[in-house]
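Visitor: Sequence:
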Amino acid sequence: MENRLEHLNQVNDVPVHSVLDPEFVSYGRVVTGYDFSEMIAYMEQNTPIPENGNTYVASVPEMEALAVSAEVQKKFYGDMPIEVGYCNGRNTTWNGFEYHKGSEINVAVTDFMLILGHVWQIEDNTYRFENAKVFFVPKGTAVEMYQTTLHLSPCRVCDAGFKGVVILPRGTNTPLDEKTPNGDPESKLLLQRNKWVIAHPEREPLIKQGAYPGLLGENKELHY
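Numbering of the sequence shown is given in full-length UniProt numbering, commencing with residue 1 and proceeding in unit increments.
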């Protein structure tokens, strides 16, 4: 891990921290006490990495049926209903940020990087890219991202791409019945159920979905 982290810092013009570093504490924590090995094995055997872009699936019944999912629901989420899905892909750019009302767990099936920010850095529905930090997540690590943490898809650290399990409160990232904003400025950011998004104006796929174009600064690319 040290070698890869060192290399990522050499090839990028922004610092790449580890989720094991003190810098991560305001964004989340490393989750211990759960055995995610069956979930990781399912991901390795049954979920492909797309040739281009990313694939996100909110809910995979086979992973939700695993014993560890029931344990996470009971102990981590206080017996609130959850969904277990995944995000696999080849992303290398920052693109945008989302956040949820409730923590998200990512389980790194491969090494990957996360670009993270804080909701309190949003001003008038805009966010400046230079406030974000980049974190390396080693394969096999589970991380909690607090509900105040801005995030989006992981970024790959090798040509093959990345794979990650995504655990969230049930219903998150599914279509809304109705998304007309009201008098609360935050409502302009609501894109799907329990999913508030700020996108870079150049990120057409997100803008076409209706994401709010509030990211300021260069849409950087991360290198590996």
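Mixed in with the good hints, there may be bad ones.
[What the hints assert, rightly or not] Here are the computed lysine-lysine pairs in the DSS-like style, where the Cα-Cα straight-line distance is at most 25 Å:
| hint | residue 1 | residue 2 |
| --- | --- | --- |
| 1 | Lys195 | Lys179 |
| 2 | Lys75 | Lys139 |
| 3 | Lys220 | Lys133 |
| 4 | Lys139 | Lys220 |
| 5 | Lys101 | Lys75 |
| 6 | Lys195 | Lys208 |
Hint data in this document are derived by calculation from the structure and do not stem from the laboratory. If you're wondering where the values come from, they're calculated on a predicted model, not measured in any experiment.
Visitor: Quickly compare the C-alpha distance for Lys75 and Lys139 to 25 Å and report which way the hint goes.
Guide: holds (23 Å)
Visitor: Between the alpha carbons of Lys101 and Lys75, is the straight-line distance 25 Å or under?
Guide: holds (18 Å)
Visitor: Taken at face value, is the distance from the CA of Lys220 to the CA of Lys139 at most 25 Å?
Guide: holds (24 Å)
Visitor: With the threshold set at 25 Å, check whether the alpha-carbon distance from Lys195 to Lys208 stays at or below it.
Guide: holds (16 Å)
Visitor: Lys195 and Lys179 were given as a pair; does the straight-line alpha-carbon distance stay at or below 25 Å?
Guide: Judged against 25 Å, a Cα distance of about 11 Å means the pair holds.
Visitor: Quick one, are Lys220 and Lys133 close enough, alpha carbons at most 25 Å?
Guide: holds (12 Å)
In terms of the numbered hints stated before, the structure departs from none.
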